[in-house]
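Assemble chain B onto chain A, guided by the hints.
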Amino acid sequence: MSNSDIINQELGGKKIAKLPILAAIIALGGLVDAIYLTIHHYTAVPVPCGEAFDCGAVLTSQYATMFGIPIAIFGAIAYFTAFSLAILTAFGNRLTWMLFGIQVILMSLFTAWLLFLQKYRIEAFCQFCLISAAITLTLLIIALVSRFWRIH
Amino acid sequence: MNNQPTKNNNLLPLAIIGIVLLVAVVGGWLLYKTSTTTTTANKSNSSKTPGKPPVSENAAQLYASAPPGAQPPHLLGSPTATVTVEEFADFQCPTCAQKHPLAKEIISLYGSRIKFVFRQMPLTQAHPKAYDAAVASEAAGLQGKFWDMQNQLFANQQSWSVAPDHRKLFEEYAQKIGLDMQKFQNDMAGLSAKARVDADMQRARVLRIQSTPTFLINGNSVAFEQMNIESMRQLIDYELQKTQSSTQNQTGSGGGSANSNTSNSNMTNSNTTKNK
Numbered sequence: 000m001s002n003s004d005i006i007n008q009e010l011g012g013k014k015i016a017k018l019p020i021l022a023a024i025i026a027l028g029g030l031v032d033a034i035y036l037t038i039h040h041y042t043a044v045p046v047p048c049g050e051a052f053d054c055g056a057v058l059t060s061q062y063a064t065m066f067g068i069p070i071a072i073f074g075a076i077a078y079f080t081a082f083s084l085a086i087l088t089a090f091g092n093r094l095t096w097m098l099f100g101i102q103v104i105l106m107s108l109f110t111a112w113l114l115f116l117q118k119y120r121i122e123a124f125c126q127f128c129l130i131s132a133a134i135t136l137t138l139l140i141i142a143l144v145s146r147f148w149r150i151h
Numbered sequence: 000m001n002n003q004p005t006k007n008n009n010l011l012p013l014a015i016i017g018i019v020l021l022v023a024v025v026g027g028w029l030l031y032k033t034s035t036t037t038t039t040a041n042k043s044n045s046s047k048t049p050g051k052p053p054v055s056e057n058a059a060q061l062y063a064s065a066p067p068g069a070q071p072p073h074l075l076g077s078p079t080a081t082v083t084v085e086e087f088a089d090f091q092c093p094t095c096a097q098k099h100p101l102a103k104e105i106i107s108l109y110g111s112r113i114k115f116v117f118r119q120m121p122l123t124q125a126h127p128k129a130y131d132a133a134v135a136s137e138a139a140g141l142q143g144k145f146w147d148m149q150n151q152l153f154a155n156q157q158s159w160s161v162a163p164d165h166r167k168l169f170e171e172y173a174q175k176i177g178l179d180m181q182k183f184q185n186d187m188a189g190l191s192a193k194a195r196v197d198a199d200m201q202r203a204r205v206l207r208i209q210s211t212p213t214f215l216i217n218g219n220s221v222a223f224e225q226m227n228i229e230s231m232r233q234l235i236d237y238e239l240q241k242t243q244s245s246t247q248n249q250t251g252s253g254g255g256s257a258n259s260n261t262s263n264s265n266m267t268n269s270n271t272t273k274n275k
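First to last, the sequence lines map onto chains A and B.
According to numbering that gives the first Met the number 0, the first sequence holds residues 0 to 151 in order.
According to numbering that gives the first Met the number 0, the second sequence holds residues 0 to 275 in order.
If we strip away everything but chain A, and leave its shape as in the complex, we get:
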């Protein structure tokens, strides 16, 4: 709570906070990536894949869907949520930055699981999944930095 109070003070009403804006932009990148992968899933158009990767193996693996829904859709929803929370924070909402932190931690845990699957179960990577992992990691760093930066 103290964290969002501090943000609110600093925001001074409608003044826009820089870190949440940065987070929102980055989350938007994740949203685009996830939408791209979702479309790929339903059209089966092959994604351009570098030589060190095997996107086909990853994106058509048994782990690419959960309850029959492509993981990319969960990703899109998660990034949209993170984006919305960051935007609301940027415009001075009290609670949303904390929710953003929780959301990003959950996303990071899920991302870690996906990375584990790619490394040890599928034994192949796809660069769009790695981009998504990097974006989530960046959001996590932003959330952590905002916490420790502003408190002292």
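Do not rely on the hints blindly, as some may be mistaken.
To be verified - Listed below are the simulated DSS-like cross-link pairs for lysine-lysine, each with C-alpha atoms no more than 30 Å apart in a straight line: (1) A:118 - B:167; (2) B:182 - B:144; (3) B:167 - B:182; (4) B:193 - B:114; (5) B:193 - A:118; (6) B:114 - B:241.
These are calculated hints, taken from the structure and not from any lab test.
Frame of chain A, contents of chain B only:
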């Protein structure tokens, strides 16, 4: 999911969120529509413009001048057929195993009307066991049982690709298809099987094959969404017609009449594999 602002009643953030949601949904939908219409357009036009010719004039030259790969190639059908279907695949790639029944279906449909060639393209960085699998199939090939081993490797992909000792499983498959085990083990270790794999990989590199499986029909790469029996038949029939009308010394066969019988019983054994 997203919280309403409690204090600040400014509508701007909600407007931004709404716009992003709208753009995401509408943009995603439009992109989806365009990709599917391109797919269907490709399909319906394929009698005129078969395949996605990623091979432009330059690439056609490239195809003509690329290194030949392992000689003699693993070939089914007729070596003198005017239409060549060349598959580049990796035994550890799930999509390759998934498309293996398609390759078999095409071979049994067209028989000696086409020349079907299999090329090794193990993606060694992504698939640590793929190269060994390719060598195992070549070692079987040195005893004339390449296609049997190919079936075994694709059918059992999910077992050996996660097995700690995959070579042991390869030996089991070798035994199952009746190979001389001593020779198989020697060939696994020897250079001639590896040299064949390397020659195919060299060809794939020069042709800039990006992904597995890749099917080339007379040098034209088949788009992933066309890797189904209907589209492949259209593409092959088109090539058959084209070469027939230009050479005029083949017996006629109209588009879609792909019911020629096969002599390749090797490929049509029941070991199909399903990929989840």
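Verification of the hints:
For the suggested pair residue 118 of chain A and residue 167 of chain B, the alpha carbons sit about 23 Å apart, so the restraint of at most 30 Å is met. Taking the CA atoms of residue 182 of chain B and residue 144 of chain B, the gap is about 13 Å. The hint holds against a cut of 30 Å. For the hint pairing residue 167 of chain B with residue 182 of chain B, the CA-to-CA distance comes to about 15 Å; that is within 30 Å, so the pair holds. Distance restraint check for residue 193 of chain B and residue 114 of chain B: the Cα-Cα separation of roughly 24 Å lies within the 30 Å cut-off, and the hinted pair is therefore satisfied.
Restraint check for residue 193 of chain B and residue 118 of chain A: satisfied, since their Cα atoms lie roughly 27 Å apart, inside the 30 Å limit. Between the alpha carbons of residue 114 of chain B and residue 241 of chain B the distance comes to roughly 16 Å, so the proposed pair stays at or under 30 Å and holds.
This entry satisfies every hint, going by the numbered hints stated previously.
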